[in-house]
Amino acid sequence: KNLPHPVLVCFPTHCVLGFGNQGEKSVNATSSDRGLTFCETRAADFKLEEGFTLLVGKDFTGWTVRKYSGKTDKPDDLDGKAEASGKRFVVTSDGFTIDPKVKGDMIIETKKMYAGDVTIRFQFKGDAECNNDLLFRGQKFDINVKSLKIKENEWHDFEISIKGENLEYHINKEVVKKGKVKADGTVFGIRAEFGGIEIKNLRVSGGK
Numbered sequence: 098k099n100l101p102h103p104v105l106v107c108f109p110t111h112c113v114l115g116f117g118n119q120g121e122k123s124v125n126a127t128s129s130d131r132g133l134t135f136c137e138t139r140a141a142d143f144k145l146e147e148g149f150t151l152l153v154g155k156d157f158t159g160w161t162v163r164k165y166s167g168k169t170d171k172p173d174d175l176d177g178k179a180e181a182s183g184k185r186f187v188v189t190s191d192g193f194t195i196d197p198k199v200k201g202d203m204i205i206e207t208k209k210m211y212a213g214d215v216t217i218r219f220q221f222k223g224d225a226e227c228n229n230d231l232l233f234r235g236q237k238f239d240i241n242v243k244s245l246k247i248k249e250n251e252w253h254d255f256e257i258s259i260k261g262e263n264l265e266y267h268i269n270k271e272v273v274k275k276g277k278v279k280a281d282g283t284v285f286g287i288r289a290e291f292g293g294i295e296i297k298n299l300r301v302s303g304g305k
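Position one of the sequence shown corresponds to residue 98 (my numbering), numbered consecutively onward.
For the record, the hints were derived by calculation from the structure and aren't laboratory data. Computed from a predicted structure; not experimentally measured. One or more hints might be untrue.
What the hints assert, rightly or not - Calculated pairs, DSSO-like style, for lysine-lysine (alpha carbon to alpha carbon, straight line, at most 27 angstroms):
#1 K243 to K222
#2 K209 to K274
#3 K208 to K246
#4 K246 to K275
#5 K184 to K164
#6 K275 to K260
#7 K248 to K200
#8 K243 to K164
#9 K209 to K237
#10 K155 to K144
#11 K305 to K168
#12 K305 to K208
#13 K209 to K144
Based on the provided sequences and hints, a complete structural model is requested.
Structure follows, in structure tokens:
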């Protein structure tokens, strides 16, 4: 008798164990066949550090989107939405992607403003043309695969660390840029400019 095989399906905040009929592709597929690699990575390898909060869950709740040039335009609220700007931004199992095939110079921003000491961490994987920006506390950082001389289409650790007025950007635990904050408190923005990028496990600690 064919017995059902268990399948573990993971979401950003929890996992669900389900069952299906043996022989069905949707049940017996490997993680690579089913694209569950990210799910398994978060479930097995990623552990949210104490004091950190995930910024992207099952959707973009807590975020807005607007044209980058439209600083005076009213942004679109993304609460309850898993995609934005015609799928320029799309939520994945543990983060989101910026699709280079969908054009538009857009920026998503947190609704919450972060002041004081704060740390933002995530992992990213950019394609060969990746040149997308992070905007925070009056400073901009270009995630440009070529100028940073990092490998394309591979995962890298990223961290923004602010202590007092000092700001540091880290890639794979190495400081790649230092600066001074130019604003006491701002939202955190990610600009879709050129090329594709995947971001996962986006999280924050601190901030008043």
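Hint check results:
1. K243 to K222: holds, 13 angstroms
2. K209 to K274: Holds, at roughly 25 angstroms.
3. K208 to K246: violated, 32 angstroms
4. K246 to K275: Given pair K246, K275 holds - Cα atoms ~17 angstroms apart, limit 27 angstroms.
5. K184 to K164: Roughly 14 angstroms separates the two Cα atoms, so the pair holds.
6. K275 to K260: holds, 12 angstroms
7. K248 to K200: holds, 24 angstroms
8. K243 to K164: Measuring from Cα to Cα gives roughly 25 angstroms; hence the hint holds.
9. K209 to K237: holds, 18 angstroms
10. K155 to K144: Given that 27 angstroms is the threshold and the Cα spacing comes to 17 angstroms, the pair holds.
11. K305 to K168: holds, 24 angstroms
12. K305 to K208: Between K305 and K208 the Cα gap is close to 14 angstroms, so the pair holds against 27 angstroms.
13. K209 to K144: Holds, at roughly 24 angstroms.
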